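Undergrad: Build out the structure end to end from the sequences listed, making use of the hints.
Okay, here's what each chain looks like letter by letter:
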Amino acid sequence: MEEKDKNNKKSKQIVLHIVTPFMLAAVTAGITAAAAIVPSDKLKVYTNIAFMDSLRSDPTNDDTGLVIKDNDIDTGYEGETSETGEVEHPAFGEQYAIINCDKLGVDVPVYWGTEQELLEHGACQSSSSAIAGTKGNSVISAHVDTFFSELESLDIGDTVTLITNYGKFIYTVTQKVEFSASNRKYIVPSDDSRLTLYTCKRDLLGASDMRVGVICDLTESGFYTEKEAE
Amino acid sequence: MKKAGSYIFSFIVSIFLVFMITAFSACLTARNIVSADSFISIAEENNAVQLTKKELDKYFSGKASSSGIPAEVYTSALTDEYIKNMINWRIMWGFGTVSDSEYYINPELEDNIDRFYSDYAESINYEKDDNYDRKVENAKNNAYIVVSNNCDIFKFSALIEHGVMKKIEPILNRIPVFVGISCGASAFLIVLLFLINMKEKKSAIYWTGTASLISGLLCSVPCIYLEASDYFSTFTIKQPQIYSAYTGLMNTAVSNFLMFSLITAVFGAVLIIIYSIISAVKKSQ
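Order-wise, the sequence lines are chains C and P. Residues 0 to 229 in numbering that gives the first Met the number 0 are what the first sequence spells out, letter by letter. Residues 0 to 284 in numbering that gives the first Met the number 0 are what the second sequence spells out, letter by letter.
A couple of the hints might just be wrong.
Claimed, not checked - Subject to a maximum C-alpha distance of 30 Å in a straight line, what follows is the list of computed BS3-like cross-link-like pairs (lysine-lysine):
(1) K8/C with K200/P
(2) K83/P with K165/P
(3) K139/P with K3/C
(4) K52/P with K139/P
(5) K5/C with K200/P
(6) K201/P with K139/P
Claimed, not checked - To be clear about the criterion: a stretch of chain P counts as covered by chain C if any three or more of its residues have a C-beta under 8 Å from a C-beta of chain C, and this derived list gives those stretches:
(7) 6-20
(8) 205-211
What the hints contain is simulated information worked out from the structure, not anything from laboratory work. In this text, all values refer to a predicted model and were calculated from it rather than measured experimentally. Glycine residues also receive a C-beta, built at the ideal position from the N, C-alpha and C atoms.
TA: Below you can see the structure in the form of structure tokens.
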């Protein structure tokens, strides 16, 4: 009997020694898989941003004739500002602003006009929408796998800053929206000064017909009054 | 392993030990790979100079018909040595070891552009004025921009411009610290295992070995898959020099990480064998 008990104990020990590594492997693999989702998403975004365009020095798209112009937007202006001033209308395909928002993770260049080629370079503002600094709805969109990957993380009350070479405009998120691609309710002109940012809703099964975005009200308008002598 | 309590605590500590050993391997890999010298040797191993030259030849040849400037004006000055220095400079600039103002001036390129414009102006009796000087200056600046952008094979300019480097720089600068922390944490957890298994110290050898083996296998299996399937060659990146530099970097990182993972797996297996031998010897006594 004692011998039988000893043998039972021995086999249990052996089984435990064999099963333990498998259990350890299963638990650690599960935790690793769950924890790796966010960093791998971020890595994908940063890789897309790094490789989404080819030569930035080649402004002309030979196929469409679109001229993409990058401008140096001064983000360090510390001079005097005024609530009113003159805007500088950009050409189609020209970078005219940068969106700065901590939650978006990166500084987003904004091009005037919406075009597939432009969306490869940054965010695009609809050329039929109000330019920053004028009354109306400024509508800006970007791809969800590049610059607007964190758009859904914006909350009501968050600050979004649009920096141009003629002024700095601060907006506060007042509404989070979701709409279908065919619904133009949030991207039509408005009477008040607002900023609408939107992108495709993430869909595991591929491209989504739904759009997600934020509506932001203008809280501070600062046209630059001190321009550098040329 | 005889009591349930010490088994459960050892199991939990081993989970942390698996991650700490994995982190240690990853930090060692990052320390090996993330440096200007490492990036420069990856560029060299992946034939970056020749691929960049080919791309520049293609670009200037394509632009010749619209700009009126023959490609040879530019390409004859773009020697292998110059391209190699430009690529290395862009890598060092990306790592912040040189400043933006330390441009690799190419006197032959500037002379070629000066000579072409001068000959052309003379042929059409154009009087050289401020406008002429501006055009020549623009041609030189644009040539440098095109060459510099093509030589930025790891796309540091895009990462810096979009604020991505600003986010990852604090992590990259602290890699040696992370190596120390992960090594120290692993040692602490091993000591903890010995304390938990005070009455049967050899069990701690089993747990350490198992954790090390699992860490090694969990890391090496995906690495072997990535290498065997040549996963990174499926990346679609337009410029061949950037494609080859980036895939070279990924493959080097994977190979390094695989090496450290296999070492930890072998170390773990050896500890388990030692545990088995000690157990067998004790039973026979």
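Undergrad: It remains to establish, for every hint, whether it holds in the given structure.
TA: Hint by hint, here is what the structure shows:
Distance restraint check for K8/C and K200/P: the Cα-Cα separation of roughly 20 Å lies within the 30 Å cut-off, and the hinted pair is therefore satisfied. Taking the CA atoms of K83/P and K165/P, the gap is about 27 Å. The hint holds against a cut of 30 Å. Using a Cα cut-off of 30 Å, the hinted pair K139/P and K3/C is violated, with the two alpha carbons roughly 91 Å apart. About 18 Å separates the Cα atoms of K52/P and K139/P, which keeps this hinted pair within 30 Å; it holds.
At most 30 Å may separate the alpha-carbon atoms for a hinted pair to count; K5/C and K200/P meet this at roughly 22 Å. Between K201/P and K139/P the alpha-carbon distance is near 72 Å, which puts this suggested pair outside the 30 Å criterion. Counting residues of the segment 6-20 of chain P whose beta carbon lies closer than 8 Å to any beta carbon of chain C gives 6, which meets the minimum of three for the stated coverage. Requiring three or more residues with a Cβ within less than 8 Å of a Cβ of chain C, the coverage given for the segment 205-211 of chain P holds, as 3 such residues are present.
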